[in-house]
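Model the placement of chain B on the given structure of chain A, informed by the hints.
Those protein sequence lines, which keep their order, are chains A and B. Per the working numbering: the first sequence = residues 1 to 113. Per the working numbering: the second sequence = residues 1 to 114.
I should point out that these hints are in silico values taken from the structure, not numbers from a laboratory. Some hints could be false.
Quick list of in silico lysine to any residue cross-link-like pairs, SDA-like style, CA-CA up to 20 angstroms [to be verified]: (1) B/Lys37 <-> A/Lys57; (2) A/Lys57 <-> B/Thr24; (3) B/Lys22 <-> A/Gly42; (4) B/Lys37 <-> A/Gln41; (5) B/Lys57 <-> A/Gly102; (6) B/Lys37 <-> A/Gly42; (7) B/Lys42 <-> A/Lys57; (8) B/Lys42 <-> A/Gly3; (9) B/Lys57 <-> A/Gly42; (10) A/Lys57 <-> B/Thr69; (11) B/Lys57 <-> B/Thr24; (12) B/Lys42 <-> A/Ser24; (13) B/Lys22 <-> B/Arg51.
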Amino acid sequence: KAGVTQTPRYLIKTRGQQVTLSCSPISGHRSVSWYQQTPGQGLQFLFEYFSETQRNKGNFPGRFSGRQFSNSRSEMNVSTLELGDSALYLCASRSLRDTTQGDFGPGTRLTVT
Amino acid sequence: GENVEQHPSTLSVQEGDSAVIKCTYSDSASNYFPWYKQELGKGPQLIIDIRSNVGEKKDQRIAVTLNKTAKHFSLHITETQPEDSAVYFCAAFILTGGGNKLTFGTGTQLKVEL
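The following block holds chain A by itself, in its conformation from the complex:
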C-alpha cells in the first residue's frame, strides 16, 4: 500500500513569509502527527490531529499551526518564518487501532533565507 506522502518535497522561503506544507496519510489512517527535524534539536513533536481535531501539541510557538480535513489529509502552516525554522518537516499517520507510531513520510525540506 502507498505510504505517507508529503508535498512539496523542497521549499525555499524568505524570512517573514509564511508557508503551508501538506501531508496525505496512508489510506484508512485518521491520525496525522507532525515532527520537526533539525541537526541541533533532533526530532521534535509538533502536533497530532485526529478526526480534524488537534489532540496533542508540542512546545512550539503559536506561529506553528495545523489542521486536518475530513479526508484525513493534514496541513501545517508556519507564519512569519525565521531562519531557525529551516528544517525537515515530517509527518506520520496511524489508524485508530494502532497505539504505536509507524513509518514517516519522506518529509518537506524547508529552507528559510
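Relative to the frame of chain A, chain B by itself:
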C-alpha cells in the same frame, strides 16, 4: 516531560560485526519504545519496537532489550551489512490510547565498513 538520551552518536563497525546502540529515558510512565532507521533523503522507518511488559524482542538480525528498572533500552544488530548504514533513533512514549507524542533520542550514525 520525557527526556531520551542516546549513545553513541557515531558508530563504525566492520561488516559482519555486531552493533549496539543504547538509550535511557526519564519518565517511568513511558511504556512503548520504538526504534527507527533513517536513510539519506528519507523519513524515519520503524524497524522494531518493544512494550514495557516485555524484556526482549527479536526480529532476524535485530533485537531490542529493555530494562525498566534502570530505564535503559538497547538496539542490537548482528551480522551487520553495508545496507545497515544509516542514522538510528530510539524513542519513548506513553501508550494511553489518547494522543501520540514520541520523544526521540538524538540519533546514532552507524557506518558499516567493508
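Going down the list of hints, with the structure as the test:
1. B/Lys37 <-> A/Lys57: violated (24 angstroms)
2. A/Lys57 <-> B/Thr24: violated (23 angstroms)
3. B/Lys22 <-> A/Gly42: Holds. Lysine 22 of chain B to glycine 42 of chain A sits at ~17 angstroms (cutoff 20 angstroms).
4. B/Lys37 <-> A/Gln41: holds (18 angstroms)
5. B/Lys57 <-> A/Gly102: Distance of about 17 angstroms is within 20 angstroms: holds.
6. B/Lys37 <-> A/Gly42: Cα-Cα ~14 angstroms, so holds.
7. B/Lys42 <-> A/Lys57: It is violated: about 24 angstroms lies between the C-alpha atoms, which goes past 20 angstroms.
8. B/Lys42 <-> A/Gly3: holds (12 angstroms)
9. B/Lys57 <-> A/Gly42: violated (26 angstroms)
10. A/Lys57 <-> B/Thr69: Not OK: lysine 57 of chain A and threonine 69 of chain B at ~29 angstroms, beyond 20 angstroms, violated.
11. B/Lys57 <-> B/Thr24: holds (17 angstroms)
12. B/Lys42 <-> A/Ser24: holds (16 angstroms)
13. B/Lys22 <-> B/Arg51: Cα-Cα ~16 angstroms, so holds.
This entry does not satisfy hints 1, 2, 7, 9 and 10, going by the numbered hints stated previously.
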